[in-house]
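The working numbering puts the sequence shown at residues 2 to 203.
One or more hints might be untrue.
[Claimed, not checked] Straight-line alpha carbon distances no greater than 27 angstroms define the calculated BS3-like cross-link-like pairs of lysine-lysine that follow:
#1 112 with 134
#2 118 with 108
#3 108 with 166
#4 194 with 153
#5 153 with 134
#6 199 with 166
Derived by calculation from the structure, the hints in this document are not laboratory data.
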Amino acid sequence: MYAKLSDESRHVSSSVSSGYQTTDRTTTSSRIASALFAVAITVLPPTPQPGFSDASTRKLTVQQKPHTYSLANANCIDAESESIAHLSSRLQAGYGCNIAQWAALLKVERKTIYNWKENPETRPQLRHNARLKVLEAFLGEIDPGHGPYIIKAAFGRRPNIALAKTLTGEPLELDALTNHYNNLYSELDGRYKRDKHKVARG
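Build out the structure end to end from the sequences listed, making use of the hints.
What follows is the structure, given as structure tokens:
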């Protein structure tokens, strides 16, 4: 009887020991699987969220360059476009500049502007052409009728020195002009509307 009990005890002990080993192996396997899953989560790229994309994320780090016209690409007034004389006269009228103010904006002598008018086929220097194209682009962005008020703000009785420096600076940058315009918009638009109202009243 004792022998049978001993045999049964050894059998039970062996079964229990085997059960513990199985449990240990199962626990170890679970831990390894969890570790591998954690590594996979770390390595795999994040799932894109609705409304976001790689392109929109990149836009946050891309720096915008100022809008300028390089001398290499400034030679854009040719036989297919208007002459230098016509472009200069059109922009001068759009900004309401006298000859001295217009010469200052283009950084030329007044006689150069007269020469353009007398010789419409004259091809301007690249740096003059570049300034004309920036001024043309800027005039197209602002509200109609605001051009002369920008010149008055820069060169009037109480000139805006920062605006004047930007208008006569080198190189002439469209972004810088647009920033000034946005900052002065209420003032410029107020002057424009008051003068327009005066003209309407007679």
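Taking the hints in turn, this is what the structure says about them:
1. Among the hinted pairs, residue 112 with residue 134 is consistent with the structure: their alpha-carbon atoms are about 21 angstroms apart, no more than 27 angstroms.
2. Under the criterion of a C-alpha separation no larger than 27 angstroms, the hint pairing residue 118 with residue 108 is consistent with the structure, at around 17 angstroms.
3. Under the criterion of a C-alpha separation no larger than 27 angstroms, the hint pairing residue 108 with residue 166 is consistent with the structure, at around 12 angstroms.
4. In summary, the hint linking residue 194 to residue 153 is supported, as the alpha carbons are separated by about 15 angstroms, within the 27 angstroms threshold.
5. The hinted pair formed by residue 153 and residue 134 meets the criterion: a straight-line CA distance of about 21 angstroms does not exceed 27 angstroms.
6. Proximity of residue 199 to residue 166 is assessed by CA-CA distance (about 31 angstroms); at most 27 angstroms being required, the pair is judged violated.
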